[in-house]
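Student: Numbering of the sequence shown is given in this note's numbering, commencing with residue 143 and proceeding in unit increments.
Warning: the hint list may mix true and false statements.
[Stated by the list, open to error] Straight line, CA to CA, 27 Å or less: simulated BS3-like cross-link-like pairs of lysine-lysine:
#, residue 1, residue 2
1, K314, K244
2, K170, K145
3, K209, K400
4, K323, K389
5, K244, K218
6, K252, K613
7, K170, K246
8, K244, K583
9, K241, K252
10, K218, K323
11, K218, K246
Just so you know, these hints were derived from the structure itself, not from any lab. On a predicted model such as this, the values are computed, not experimentally measured, just so you know.
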Amino acid sequence: MAKLEIKYITKSAPMLTDSKDNKGAPVKFWELRGIRMDISAGEAVGLIGMNTASKSLLLQIIAGNVKQTTGFITTKHPINLASLSEIDNSLSGLENIRKVIKQKEVDELKGNHLTNAVINFIDFGQWLYQPASSYSLGMKARLALGLALFIEPKVVLIDEVLGLLDRPFFNKVAQKIQDLKDVGCSFIIADTKQLYMEQFCERTMWLQFGQVQDFGPTKEVLEQFTFAQEWFNSLSLPEQNEYLADKQFEQVQFDVNKVYEEFKVEQFKHGYTRKDEPRMRKAFFVERGLDPVVVEQDQKDKQVQSKQPKTSSNFTAWALGALVILILAGGTTYWWHAHQSTSTSQVAKSKQSSSKSSKLTSSQLAASRKAASSVKAAEEASKQKASASQAQAAAKKSSEDAAKAASSAAAASSSSLAAKRANAQTIEVVDGDTLESLAEKYATTVSEIQSLNDLGSSNTIKTGDTLYVPK
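With the hints as extra help, turn the sequences into a complete structure.
Tutor: Here you go:
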């Protein structure tokens, strides 16, 4: 299954005509007409077309910000949209970051890490605390990309913001996009410039007048798009106007039922009958959520998979049971033969021992007992001496290990604190400063400041103190 799949997407809007001509039902203008697209994990798909092609509208629909008139969007992953429209101008840059993290329902610890990651990436400095309404278009593009590329990126939509970046930051973004593609993140990049399609996208869709003109390998699609642009530019102005008027008239005359007929054909190919049509029609025109054909097929596949392991597990259990029985039977037979052999040997040895012992004289017995007693006493003395020596060695080794561990722990702690301070900056405490206010000011935590300055659990600081804080 594709990571993201869209089918039969249409979008209509009423045309605002002169009030004198408003008679009867409003005329619909179809901005999108039957768009279909799929995208795999780790793939980037380009979306190219002239400014009236409705590229941004399609991305807004995929992101869930605008509801389509018909069609389905099927994915199991969150979708991030990098667009200037995603920036709240009434909030500061930092507040915009925290707002998006809250919407993603990220826990506090992870949220703090993500906040610092975005801040470090966009490199705003003190502009981070200014309202976004004061930002230039380039700064807004930086913020939008930082939010989309760092906060839960699974499927990322980029809506004509790459062209607003300066070259150093563009290179930074390009590297981040490639890193995310390598770990399975998917992209849809909409723009009017072919450069970005060539650099990032394996496939490209050419969208014009709300319809897909071509969709395939990026190089081939861009060639067709270039030819079309050159042909249009070669027309005279009256010819261009006539061509545009004809195409826009087609958008008014579009019949959405033709798209539904395509969906019906797909239904019948998957075994659906006419009794299923009311349910499918409702999904197409009313619910407009996940593709019911894909969802129901996935459910059938899961049911088949859930049944298969049972047969396999039963056969495996039977095979294991038979193997255990064979092992037990073989073990029992071996034990019986071994036991018989041992018993026979013991009887023979016992007889030999009895025969030999009967031949011993009383004097020999006494001598042998005395010798055995001497040997046993010598062995016990040797064992006691060895035990004492081992205990002494173990105590010495334990003492040495404890000393080494204490030394290593002290060195590690000192090295860790020095490494943290190397990546920090120093500030002077002024009147009114507290650890909580400094933590919020420098986007860190009170415990981090305490750790950097070896304060332990103390919250007490004095005016004029010099403290380490994260950069």
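Student: Check the structure against each numbered hint from earlier and tell me which ones fail, lowest number first.
Tutor: 2, 4 and 7
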